[in-house]
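Engineer: Kindly generate the complete structure, drawing on both the sequences and the hints.
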Amino acid sequence: MNNLYKTLIKALPLTTNIATSNMSTPALHDVLIIGAGPAGLATATALSRQLYTTVLFDSNLYRNARASNMHNVLGFDHVPPPIFRAKAREDLKARYAETVTFADGVEVVKTTKVRDGLFRAEDKHGKAWFGRRLVLATGVTDISPDIAGYADCWGYGIFHCLFCHGFEERGAERVGVLAFGLTGSVKMATHIAYMARPLGKKVTIYTHGNETLASEIGAMANNPFTIDTRKITSMRMATSSGEHSTSVTLTLSGRQDGGEEEVTEGFLAHAPFTRPNGPFVEQLGLETAENGDIKTAAPFGETSVPGVYAVGDCGNMVKAVATAAASGALAAGGMVVPMQMEPRVEMDVEAMQKVIG
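Each residue of the sequence shown is one higher than the one before, starting from 1 at the first, in full-length UniProt numbering.
Take the hints with a grain of salt, since some may be wrong.
Heads up, simulated BS3-like pairs for lysine-lysine below, C-alpha to C-alpha not over 27 Å straight-line [what the hints assert, rightly or not]:
| id | residue 1 | residue 2 |
| --- | --- | --- |
| 1 | Lys113 | Lys124 |
| 2 | Lys295 | Lys110 |
| 3 | Lys187 | Lys295 |
| 4 | Lys187 | Lys231 |
| 5 | Lys124 | Lys110 |
| 6 | Lys127 | Lys110 |
| 7 | Lys113 | Lys127 |
| 8 | Lys93 | Lys127 |
| 9 | Lys113 | Lys295 |
| 10 | Lys93 | Lys124 |
| 11 | Lys187 | Lys202 |
| 12 | Lys231 | Lys202 |
| 13 | Lys231 | Lys201 |
| 14 | Lys187 | Lys201 |
It is worth saying that the hints were derived from the structure and are not from the lab. Everything numeric in this text was worked out from a predicted model, so none of it was measured.
Structural biologist: This is how it looks when you write it as structure tokens:
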């Protein structure tokens with residue numbers, strides 16, 4: 001056995017069950033997975049199929065917490081996200097309990113690359129876990145623009161993905177596209193607007209004071225959209241009688257008399273800037289893309305630091321359940337053979353004790 005692992009094992013205590021796992025496991029595992037949404041669950045499932053041990057850290061915080069139902073996921077269309085996660089966890093516990101350890105409610109606050117092939121994760125209480133690979137499935141935090149009420153409408157009446165939401169609101173009299181942030185270019189604003197077009201009778205693109213962008217969109221041939229350049233001063237969920245539950249009322253400045261005007265849309269489409277959850281980008285020195293996501297190498301999602309993978313929303317431009325799960329499975333596929341070619345420590349208490357001697 002590699003001397004690195006012999007030394008490490010002697011220095012580490014054998015731990016008892018972490019949360020819902022029913023097996024005693026040592027503190028050294030094959031893969032540490034931070035995040036137990038679709039990407040993390042898919043990573044753990046795929047690795048289990050090759051008998052690799054994982055710790056699945058679940059902070060119980062999910063980006064789609066405000067979504068009553070999720071869509072575009074085979075077998076789980078129009079199903080609440082917690083049901084999807086619960087089924088994935090149930091499958092892991094039923095079939096792969098010997099390889100998966102659930103660290104429920106554990107918030108990892110520090111990650112370190114000790115050396116090649118060895119990573120350390122530490123929670124806020126100072127408890128440490130070690131793994132041969134580290135997978136970041138942390139998700140992202142949406143950065144609300146400086147518009148009063150935006151954060152309150154996000155996820156209820158503002159949708160970032162019109163595959164995930166919008167179908168249920170089809171036939172709306174009018175819908176709006178917010179053309180700033182990630183959607184603040186001609187390409188992105190019109191891309192989203194064309195996706196909104198089948199769902200509403202009138203589509204308005206709000207450039208939030210950006211006259212140049214408005215002119216560029218307006219110059220497009222056969223432009224089917226209404227363009228509003230006024231500044232949005234605030235927004236709120238519409239609650240008056242007869243309004244759809246996803247309707248958002250915008251308050252717009254720029255009236256000729258200096259006043260403001262209110263406009264209600266059936267829903268709004270917008271992709272705000274995001275940032276990966278947790279301090280791990282800085283701690284590990286990971287490269288990031290222009291949009292703030294962790295930069296990864298296709299198709300397996302390895303980051304600029306060898307042995308660290310970013311899956312799901314934190315490492316993918318397309319942020320949805322199906323793509324997150326797919327990226328987790330791909331990452332597992334990319335790491336199993338390299339790990340198999342390295343000296344391996346079997347995650348078995350009896351075997352470990354024999355190794356320690």
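Engineer: It remains to establish, for every hint, whether it holds in the given structure.
Structural biologist: How the hints compare with the structure:
no. : hint              : in the structure
1   : Lys113 <-> Lys124 : holds (18 Å)
2   : Lys295 <-> Lys110 : holds (20 Å)
3   : Lys187 <-> Lys295 : holds (22 Å)
4   : Lys187 <-> Lys231 : holds (21 Å)
5   : Lys124 <-> Lys110 : holds (8 Å)
6   : Lys127 <-> Lys110 : holds (10 Å)
7   : Lys113 <-> Lys127 : holds (16 Å)
8   : Lys93 <-> Lys127  : holds (24 Å)
9   : Lys113 <-> Lys295 : holds (18 Å)
10  : Lys93 <-> Lys124  : holds (26 Å)
11  : Lys187 <-> Lys202 : holds (19 Å)
12  : Lys231 <-> Lys202 : holds (20 Å)
13  : Lys231 <-> Lys201 : holds (23 Å)
14  : Lys187 <-> Lys201 : holds (22 Å)
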